[in-house]
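Q: Heads up: the sequence lines are chains F and A, in that order. Residue numbers are given in my numbering: position 130 of the first sequence equals residue 170, and the series is strictly consecutive. Residue numbers are given in my numbering: position 205 of the second sequence equals residue 200, and the series is strictly consecutive.
If you're looking for bench data, these hints aren't it; they were derived computationally from the structure. No experiment lies behind these values; they were computed from the predicted model shown. You may find that some hints are simply not true.
As the list claims (entries may be wrong) - Straight-line alpha carbon distances no greater than 27 Å define the calculated DSS-like cross-link-like pairs of lysine-lysine that follow:
hint, chain 1, residue 1, chain 2, residue 2
1, F, K138, A, K168
2, F, K120, A, K4
3, F, K160, F, K200
4, A, K(-3), F, K138
5, A, K155, F, K182
6, A, K(-3), F, K163
7, F, K68, F, K247
8, A, K155, F, K138
Claimed, not checked - Among the chain F residues that face chain A by a calculated CB cut under 7 Å, a handful are:
hint, residue
9, G129
10, A132
11, F161
12, K163
The beta-carbon is built from N, C-alpha and C at its ideal position, and this holds for glycine as well.
Single-letter residue listing:
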Amino acid sequence: MERLEVSKLNHHFGFTEILRDINFNLEKGQVLSVVGPSGGGKTTLLHLCADLLDVEEGSVKNSFVTSSFAFQEGRLLPWKNVIDNISLGLIAKGIKRKIATQMSQDIALKFGLEEDDFDKFPKDLSGGMKQRVSFARALVVKPSLLFLDEPFSALDIGLKQELQSILIDMIDKKEITILFITHDIMEAIRLSDKILLLEADPGHIVKEFDYILPQKERDDKFVYEETAKILQDETVINTFELNITL
Amino acid sequence: MKFILKILKDFPAYLWSGWGAIASIFLFIACWDVGNQIYGDLVLPAPLETFKTLALMLQDDSVWEQIDITLYRAFMGFAISLVFGSILGLLAGFFATASMMSRPIVTILVGMPPIAWIVLAMIWFGMGDETVIFTVVVASFPIIFVGALQGTRTLEDNLKEMGESFNLPWHMKFMDIYFPHIFSYVFPAWVSGLGMSWKIVVMAELLATSDGIGASLAVARSQLDTPTALALVVIMIGSLMFIEYIILEPIKREVELWRD
Ligand SMILES: Nc1ncnc2c1ncn2[C@@H]1O[C@H](COP(=O)(O)OP(=O)(O)O)[C@@H](O)[C@H]1O
Ligand SMILES: [Mg+2]
Chain F
41 MERLEVSKLN HHFGFTEILR DINFNLEKGQ VLSVVGPSGG GKTTLLHLCA
91 DLLDVEEGSV KNSFVTSSFA FQEGRLLPWK NVIDNISLGL IAKGIKRKIA
141 TQMSQDIALK FGLEEDDFDK FPKDLSGGMK QRVSFARALV VKPSLLFLDE
191 PFSALDIGLK QELQSILIDM IDKKEITILF ITHDIMEAIR LSDKILLLEA
241 DPGHIVKEFD YILPQKERDD KFVYEETAKI LQDETVINTF ELNITL
Chain A
-4 MKFILKILKD FPAYLWSGWG AIASIFLFIA CWDVGNQIYG DLVLPAPLET
46 FKTLALMLQD DSVWEQIDIT LYRAFMGFAI SLVFGSILGL LAGFFATASM
96 MSRPIVTILV GMPPIAWIVL AMIWFGMGDE TVIFTVVVAS FPIIFVGALQ
146 GTRTLEDNLK EMGESFNLPW HMKFMDIYFP HIFSYVFPAW VSGLGMSWKI
196 VVMAELLATS DGIGASLAVA RSQLDTPTAL ALVVIMIGSL MFIEYIILEP
246 IKREVELWRD
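Using the sequences and the accompanying hints, generate a full structural model.
A: Given below as structure tokens:
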């Protein structure tokens, strides 16, 4: 069985403690979200899980066969156009260029990019378009485990929901496992089986929330209600330094 | 291959965009003519006379011989700089210590006036090809070296990580991540290095040899043959402009399309 096991994970950058005692398991087919304020070490945690940073203390065991990563800042190759950026992972897997291009064009259209955009270089794309390209590049390789680092942060609401419903379809068919990072609680509630709440300085997990209802059946009402519930939680209010009175 | 075709396809549009440049050249020639009317034929021959002399000279085989000699020296020097400057610059870029250590050497190479190198080279190599080629190398090497060094020093970890996350094989890492970035630094350095080589070669020849365009220029000076001197200058400038605007600039445009 494919799974990701994180235990007793600590991390430092220089003398600054970034993460302390992180423990969780991610099973195949699950969606696990890590929610927390920015600067809390979420990106660092994801990089450690994806083996982009060396683990110093504790352990990360990843037995997923394939994985891919959608980066917070896109990280597109500035000298490649939209389609060549998306097809990068496919070509690396040894898929023929013609097929890879076709697959990339299909997914680009599905992600709300237009044919006119295909030949554009990243410098001519908006922030939202770059995120879509980066997200498409990660998804087109059909990874068994997907690492998402705030992939929707630069998108407007309509597009955000469209992409989320694409993910929800895949989750529903048990095609994918996701480790998802966000600072948007509603987004996490819509997509996750489990949410870990990460508090900053140093990053540590203060609370877990589980959601049983299948993602397909979650409507706006469900999301709002659960969000309201979470926002009443003392720990959440402190973590995000919220000043709301409900 | 596709790339070369694209360059050729965009070439007419590029030429069309050059009207402004041509207009400014004509304006320059007009000023030159005014200068001729003020200062007289001895100091500044008229453009027309210069071009007539030029046309005559270009029919003369011995002039072409001189041009060939100069071309050979410039390209030998440039080629040596290109190969060693690029390779050593890339290597130095990969090692922090090497790039730190190379800085003072580059400063010396850049800061020392070429004329001083010519004198030294004349002492070391005597009068001839070696002196000229040496001076060309010394002048164009640091430009190319620094370009290559900066290309490797500025490689971004972010993109490297991205390449790793998609398990790019090494040849893709090189061709898709490292090479385009480095090339965008190295190529402009090659262009400046070439321009430098062409300028320095004539200067070195003028002082250190008895053949080549530079030496012809020295002869024209001693005979107060201003039209010939100017015609030689036109050859030098014309060939530089040809290489730069007709050959290199269109390539540079295609190569740097992705840049802001
Ligand atoms: N490579 C690095 N070197 C040093 N400090 C870093 C590095 N990357 C991140 N940090 C620091 O670690 C902390 C957590 O960053 P990050 O993981 O990006 O947080 P988040 O993704 O939750 O916003 C921040 O204070 C950041 O400045
Ligand atoms: Mg982050």
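Q: Work down the list of hints and note, for each, if the structure agrees.
A: We went through each hint and held it up to the structure:
1. K138(F) / K168(A): It holds: about 20 Å lies between the C-alpha atoms, which stays within 27 Å.
2. K120(F) / K4(A): OK: K120(F) and K4(A) at ~20 Å, within 27 Å.
3. K160(F) / K200(F): holds, 22 Å
4. K(-3)(A) / K138(F): holds, 16 Å
5. K155(A) / K182(F): This hinted pair holds, its Cα atoms lying about 22 Å apart.
6. K(-3)(A) / K163(F): Distance ~23 Å between K(-3)(A) and K163(F) Cα, so the pair holds.
7. K68(F) / K247(F): holds, 22 Å
8. K155(A) / K138(F): holds, 25 Å
9. G129: holds, 4 Å
10. A132: holds, 5 Å
11. F161: This interface hint holds because 4 Å falls under the 7 Å limit.
12. K163: holds, 5 Å
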